[in-house]
Every structure is written in structure tokens, then in C-alpha cells.
Amino acid sequence: NAGVTQTPKFQVLKTGQSMTLQCAQDMNHEYMSWYRQDPGMGLRLIHYSVGAGITDQGEVPNGYNVSRSTTEDFPLRLLSAAPSQTSVYFCASKLTTGSWPEAFFGQGTRLTVV
Amino acid sequence: AQSVTQLGSHVSVSEGALVLLRCNYSSSVPPYLFWYVQYPNQGLQLLLKYTSAATLVKGINGFEAEFKKSETSFHLTKPSAHMSDAAEYFCAVSENKAAGNKLTFGGGTRVLVKP
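In order, the protein sequence lines correspond to chains A and B. Residue 100 in the working numbering sits at position 100 of the first sequence, with consecutive numbering throughout. Residue 91 in the working numbering sits at position 91 of the second sequence, with consecutive numbering throughout.
Hints may contain errors.
With the Cβ distance kept under 10 Å, some of the chain A side facing chain B (calculated, not the full set) [what the hints assert, rightly or not]:
| # | residue |
| --- | --- |
| 1 | Q37 |
| 2 | P39 |
| 3 | R44 |
| 4 | E59 |
| 5 | V60 |
| 6 | G63 |
| 7 | C91 |
Not close to chain A: a few residues of chain B, all C-beta gaps over 10 Å, as computed [stated by the list, open to error]:
| # | residue |
| --- | --- |
| 8 | L7 |
| 9 | S14 |
| 10 | R22 |
| 11 | N24 |
| 12 | S26 |
| 13 | G43 |
| 14 | K58 |
| 15 | N61 |
| 16 | S70 |
| 17 | M83 |
| 18 | D85 |
| 19 | K102 |
| 20 | G107 |
| 21 | V111 |
Residues of chain A placed beyond 10 Å of chain B at every Cβ, according to the derived structure [to be verified]:
| # | residue |
| --- | --- |
| 22 | T15 |
| 23 | Q22 |
| 24 | M27 |
| 25 | N28 |
| 26 | L45 |
| 27 | G51 |
| 28 | T70 |
| 29 | E72 |
| 30 | L79 |
Simulated from the structure, these hints should not be mistaken for laboratory data. Think of the CB as a built atom: it goes at the ideal place given N, C-alpha and C, for glycine as much as any other residue.
Generate the whole structure from the sequences, applying the supplied hints.
See the structure below:
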């Protein structure tokens, strides 16, 4: 029972490079989301998905794309990385949109853009 | 718009002493409030939640929080700190259950426990 799995755990990118942060959950959760964590700012919602094929923007979506082709996977894409995207990224899931946010969080991906 | 303010980005307590982490919120509707804990190199774990039932909420690991509407506060306490409580704590607010994952987080308070 893995819960929410994020890969990679660490990544260094050069400005302008692209990459995909992977997130997978094995709990058959409908709802998945991506947050970024920056010092003193808590976590901010980037994108979320209420089910396969459905995604929507959160608080800070610019510079990020998502897709949800399966229930299990919710990858986050950076098309052209910028230093402002240096952050720790967390993927989270919960059973349904209407359930309490006892979200399960992954262990995070620490991304540095140089 | 909802917002959360956590007073003090760092708190240092002695082992066995009271832990008090402050959280004030603003919300245009009765809020749902949460405390999460993040241990080093880990994701967030829910400590407790307020969902408009009892105003004193008990969570895991001996933590509790009291919702005070008049003060728009939801402070987290633990009577006696343990070394294992060293972590970062986040207060969060949501304005409705369906928007649950659209949580607004405070900036976090890092707790250091001294032996």
C-alpha cells in the first residue's frame, strides 16, 4: 500500500528546460492536486483534478500544465522552467471532491531551477 | 477571500513544556479549519480539523485546538512537548466541504524542542 508516490525526489533544471513531475496514487482516489511550498508562504494550490479527464486551475497555475488520463496518475509539467519555479512540490489526493480534506500527501519533489 | 495568519515562523520549547501555536483566519463564511504537521523530508499529515461541531477539537499525538469565532482564532496546543514534536505546523482554512482541497494555508510555524 504505497499511498501517494512522487518522482523524482530531487531535480535540478536549467532555465528553459522542460520536465514532468510524476504523481501516482493507488487508493482509487478521485481527487488529486498539486501544491508548491515556499518558505513563509505555506502551500499554494497549482492545479487540481476531480476525476479522470477533468482538471482545473488553482491559485498559482501559470507556467504549469497538468493532465489526468487515468485515476491513478496526475503528472505536472513545466514547459519552460524559470528560477521562480524553484520550490518543493507536493502532490495530494483524497477520496472524492466532497470528502473532508484528509488528503494524503506525497513526500515531495524538491526542484531547483538555475 | 479567505486567509490564514500564523504568528511566529519559529517556536522553541523545552521538552515537557506547553506547546502553543497561534492561528488566526479570515473568512466570509463559517470556516472549516485544519492543522497539518510536516516532519522533515515528509509530506503533510492531518493533525485535526474543525467542522462546526465541537469547538474544542482533539487530534493525534496529544494535540488539540480550540475554535474561537469571536477571536477568529484556531490555536493549537499540546500540554507537554516531546522531542518527536519537532516539525513544521501549518494551519489551513476552507470555506466549504466541497472545496476541501482548495485549502488556504498559513506560512507555517517550525517547532524546535530543546531537551
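Hint check:
no.	hint	result
1	Q37	holds (8 Å)
2	P39	holds (8 Å)
3	R44	holds (7 Å)
4	E59	holds (8 Å)
5	V60	violated (12 Å)
6	G63	violated (19 Å)
7	C91	holds (9 Å)
8	L7	holds (13 Å)
9	S14	holds (25 Å)
10	R22	holds (15 Å)
11	N24	holds (14 Å)
12	S26	holds (15 Å)
13	G43	violated (3 Å)
14	K58	holds (15 Å)
15	N61	holds (15 Å)
16	S70	holds (25 Å)
17	M83	holds (22 Å)
18	D85	holds (19 Å)
19	K102	violated (6 Å)
20	G107	violated (5 Å)
21	V111	holds (15 Å)
22	T15	holds (26 Å)
23	Q22	holds (15 Å)
24	M27	holds (14 Å)
25	N28	holds (16 Å)
26	L45	violated (6 Å)
27	G51	holds (13 Å)
28	T70	holds (19 Å)
29	E72	holds (17 Å)
30	L79	holds (24 Å)
Violated hints for the displayed structure, listed by number in ascending order: 5, 6, 13, 19, 20, 26.
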